[in-house]
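Generate the whole structure from the sequences, applying the supplied hints.
Residue numbers (this note's numbering), protein chains in the order written: chain V, 3 to 270; chain W, 61 to 383.
Some hints could be false.
To be verified - Now the stretches of chain V that chain W is said to cover, found in silico as 3 or more residues with beta-carbon under 8 Å:
#	segment
1	166–172
2	177–186
Unchecked claim - Over 10 Å on every C-beta distance to chain W, these chain V residues come out as not near it, computed from the model:
#	residue
3	LEU36
4	PHE57
5	HIS147
6	PRO210
Rather than coming from a laboratory, the hints here were simulated on the basis of the structure. Idealized CB from N, CA, C, for every residue including glycine.
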Amino acid sequence: MSTATITLPAAHSNTLTRNLRIFLTEARYEFTRLLRTSGFSLSVIGFPVVFYLFFGLIMPRGEHIGSVTVSKYMLAGYAVFGMVGAALFGIGGGVASELSTGWLELKSASPMPPLAYLLAKCCTAMAFGVIIVSLLSVLGITIAHVSITFPEFARMIALTLVGTVPFACMGMVIALLVPFNAAPGTINMIYLPMSFCGGLWIPIMMLPHILQKFALLLPTYHLSQLMLGAFGYASAGSTSSHWLGLLGFTLIMLGIASIAFRRLEQNS
Amino acid sequence: MSAVLERTEAPASAITSESTEAVASLTHITKRYANGVLALDNLSLTLQGGEIVSLLGPNGAGKSTAVKLMMGLSSPTSGSVRIFGADPRHTITRLRTGVMLQAGKAPEMLRVCEYVNIFRGYYPQPMPYADIVRAASLEGIESRFFGQISGGQKQRVLFALALAGDPDLLFLDEPTVGLDIEARRGMWAQIRSLATRGKTVLLTTHYLEEADALADRIVVINKGCVVCEGTPAEVKSLGSALSGASTSRSLKIIRCSTSLPATTLLAIPGVTTADRSGILTTLTSTEPERTLRELLALDQTLHSLEVQSPALEDAFLALTANP
Numbered sequence: 003m004s005t006a007t008i009t010l011p012a013a014h015s016n017t018l019t020r021n022l023r024i025f026l027t028e029a030r031y032e033f034t035r036l037l038r039t040s041g042f043s044l045s046v047i048g049f050p051v052v053f054y055l056f057f058g059l060i061m062p063r064g065e066h067i068g069s070v071t072v073s074k075y076m077l078a079g080y081a082v083f084g085m086v087g088a089a090l091f092g093i094g095g096g097v098a099s100e101l102s103t104g105w106l107e108l109k110s111a112s113p114m115p116p117l118a119y120l121l122a123k124c125c126t127a128m129a130f131g132v133i134i135v136s137l138l139s140v141l142g143i144t145i146a147h148v149s150i151t152f153p154e155f156a157r158m159i160a161l162t163l164v165g166t167v168p169f170a171c172m173g174m175v176i177a178l179l180v181p182f183n184a185a186p187g188t189i190n191m192i193y194l195p196m197s198f199c200g201g202l203w204i205p206i207m208m209l210p211h212i213l214q215k216f217a218l219l220l221p222t223y224h225l226s227q228l229m230l231g232a233f234g235y236a237s238a239g240s241t242s243s244h245w246l247g248l249l250g251f252t253l254i255m256l257g258i259a260s261i262a263f264r265r266l267e268q269n270s
Numbered sequence: 061m062s063a064v065l066e067r068t069e070a071p072a073s074a075i076t077s078e079s080t081e082a083v084a085s086l087t088h089i090t091k092r093y094a095n096g097v098l099a100l101d102n103l104s105l106t107l108q109g110g111e112i113v114s115l116l117g118p119n120g121a122g123k124s125t126a127v128k129l130m131m132g133l134s135s136p137t138s139g140s141v142r143i144f145g146a147d148p149r150h151t152i153t154r155l156r157t158g159v160m161l162q163a164g165k166a167p168e169m170l171r172v173c174e175y176v177n178i179f180r181g182y183y184p185q186p187m188p189y190a191d192i193v194r195a196a197s198l199e200g201i202e203s204r205f206f207g208q209i210s211g212g213q214k215q216r217v218l219f220a221l222a223l224a225g226d227p228d229l230l231f232l233d234e235p236t237v238g239l240d241i242e243a244r245r246g247m248w249a250q251i252r253s254l255a256t257r258g259k260t261v262l263l264t265t266h267y268l269e270e271a272d273a274l275a276d277r278i279v280v281i282n283k284g285c286v287v288c289e290g291t292p293a294e295v296k297s298l299g300s301a302l303s304g305a306s307t308s309r310s311l312k313i314i315r316c317s318t319s320l321p322a323t324t325l326l327a328i329p330g331v332t333t334a335d336r337s338g339i340l341t342t343l344t345s346t347e348p349e350r351t352l353r354e355l356l357a358l359d360q361t362l363h364s365l366e367v368q369s370p371a372l373e374d375a376f377l378a379l380t381a382n383p
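Structure, rendered in structure tokens:
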């Protein structure tokens, strides 16, 4: 009995160290793999950078929306556009392909903890989000002299980390429901309209009234409003309403993902 | 006090007997998929420690389903799966098993050595890196990306991943598909050496020659049921018995190009079956010497003569033929 009480916590901490080590290895190699996959890294980083250059920096020089310059306002939008792309394509595209090739099955048959796999994918998407947001900020600061204080930048990065989670869950849902060869098309069909209607490409108040109402249902809208809030821009809704919007969306995605996963398990 | 002792000893002895006898077992397994397909029908299968068992069967016989059940990737509709006396889904069980699945493919943009190290990291006591590379013949391709190597090399990398944890039990689902003859023989040698080190191997294959060359025991399954099981020699003799010929050891297959009609051929002493496809006629005979003498006497123009012993392939086809 006494040996059991002594060995149990030790075994528990061993398992924890082992799981943590596996997670770190998974995350490191997932990041390396996606960085090497130029089809992913170039487009996921390149699109928001090019879009921001044209629509946030070159076209609107010196104009203001409320208290912030257009270049800074658009930085929030394209930052969200970039991180959402990294999450949807990294996780949605990645898991869908690994499901179809049987790689995920081989990994589930191994002693790898499933959570290590999921967290590694999520953290990789966060890392790409941070790269994109940092790049956009550097462009804004150097080209359009956008003034960003350090606390503002820190809040942007924190929002990037947290904001990746709802879209990571959405990526999982797409990967579980859509066959691999249809996944990139499906992601684009969701990602691009959701970005436009959420006010990521052009300011939300320039959209038709009905789209502005529809935007309330979109996680991209809530996240971009929180991002603008980090710059001191007064959003239409309250901060808590945006957090609730994101939380609700995440819960719905988690619910669908768990149903889809159970269905997949039953069919296997 | 004695009662307490008995109660504590009983489970211990039960566990030991299970671990020394059956390494893995499927007991009365029925597996029906959600789409209604019955993949396994009351199938029972036991693997003993240190043996190589080959699961043979045509496409759709249920071989891969059996492997997936044993790996805990799928749950049976009814029946029980035990690996080392435990649930196959437990991490503790998975730490002792290795698997090579059919049609498994790794993402392209990681290197072979990186994959080997990722998988070694899953186990507390993995096989040394150099041993894995040698066993799976990965020398020279270790720094290549998975997407850059050939189909046969990919197959060898997946074999390496199955070996990574130095497991006691290996599931190899059609491991030599896409390998050239040399690589296939190399993998056979590795599988044999695993068994000599006391490892248990379950191998599914379409290559009957492979089952014949490797397995201690062959289990033939068809439509989710075990058709027969035994040593390769036993399966061969059972197959020839079922193919309509007698179990006589002198059973031979005679192929030739002859103009004689089937009725004449079947009347020749010893001939049990006669099939014509194209210009070639295939006969089975239980008295090959007598049959041949008669055959050559009857048809002076006979040519392209070939005489063969029935192979495992014929036994297999006879056993799994649809009635």
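Hint numbers the structure violates, sorted upward?
Per hint list: 1, 2 and 3 violated.
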